Amino acid sequence: AWDAVKDLLGVIKDVAPILVVIFFFQYMIIKKPVAHLHKIITGIIMVILGLYAFIVGLEMGLFPIGETIAYQLTDMKNNLLIYLFAFLIGFSTTMAEPALLAIAIKAEEISEGNIKQNVLRMVVALGVAIGIGLGAYRIVAGDPIHYYIIAGYILVIIFTYFAPKYIVPIAYDSGGVTTSTVTVPLVAALGLGLAEHIEGRNPLIDGFGLIAFASLFPMLTVMGYGIHAEYYKKQKLKEKA
Numbered sequence: 650a651w652d653a654v655k656d657l658l659g660v661i662k663d664v665a666p667i668l669v670v671i672f673f674f675q676y677m678i679i680k681k682p683v684a685h686l687h688k689i690i691t692g693i694i695m696v697i698l699g700l701y702a703f704i705v706g707l708e709m710g711l712f713p714i715g716e717t718i719a720y721q722l723t724d725m726k727n728n729l730l731i732y733l734f735a736f737l738i739g740f741s742t743t744m745a746e747p748a749l750l751a752i753a754i755k756a757e758e759i760s761e762g763n764i765k766q767n768v769l770r771m772v773v774a775l776g777v778a779i780g781i782g783l784g785a786y787r788i789v790a791g792d793p794i795h796y797y798i799i800a801g802y803i804l805v806i807i808f809t810y811f812a813p814k815y816i817v818p819i820a821y822d823s824g825g826v827t828t829s830t831v832t833v834p835l836v837a838a839l840g841l842g843l844a845e846h847i848e849g850r851n852p853l854i855d856g857f858g859l860i861a862f863a864s865l866f867p868m869l870t871v872m873g874y875g876i877h878a879e880y881y882k883k884q885k886l887k888e889k890a
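Every position in the sequence shown, counted from 1, becomes a number in the working numbering once 649 is added.
Honestly, the hints are just simulated from the structure, not real lab data.
What you are looking at is a predicted structure, and each value in this text was computed from that prediction instead of being measured.
Since no wrong hints were added, every one of them can be taken at face value.
Pairwise CB distance ranges, derived in the manner of DEER restraints: (1) I689 - G791: 46 to 52 Å; (2) S760 - I854: 39 to 45 Å; (3) V768 - Q884: 16 to 22 Å; (4) H795 - L686: 45 to 51 Å.
EDC-like, lysine to aspartate or glutamate: derived pairs with alpha carbons at most 16 Å apart: (5) K765 - E879; (6) K726 - E845; (7) K814 - E879; (8) K755 - D822; (9) K726 - E848; (10) K655 - E708.
Heads up, the beta-carbon is just placed ideally off N, CA and C, and yes, glycines get one too.
Whenever a hint applies, use it, and build me the whole structure from the sequences.
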């Protein structure tokens, strides 16, 4: 019971600075009362309880199952199954990511339907899946992470030059929203589980880094989608002419 109270107090301590900043600006800078204060307070309490439940859920469920599956897959001596699991878990967790859904809905609204939210979510999820799959390969192979990251960002720079201007900021933001509440716990547990159970790997060096892959590759797939969409549109215009 005391551990539960400590965890809850820890969440309150983490949320407190955010509340201090918000209320300071509201009352000291803007100098206006908060509308519907009772609703705001209720929402804050729900956020605190939700974060607490989320942390408990991670420790009880997601971290253990991620590490267990990683161990079982490495024990089967079939690397293709590891890559397949990494790919599928990357895709499925990203499709369930609330932050990505919010970005996709806004992108569709602002673009007046030119960017479809479901297409954007699938393209981002594909990027994460490729990134996690490649990251799992890196852990199995024992390659240094910086080679992959440097090469990836060189590609990002090249794609940025060729991609339509409207898609570039969305692509960059997509790389950030993928590393949120649903994706991070399972991906982190997978990376650490693989590094702990593959001979010759150091969990501290090899176990981390999958999140970087999950952030990098959606930028490439979203910009790639934009380049393809523009090319397809130009071809259609040529056919009509």
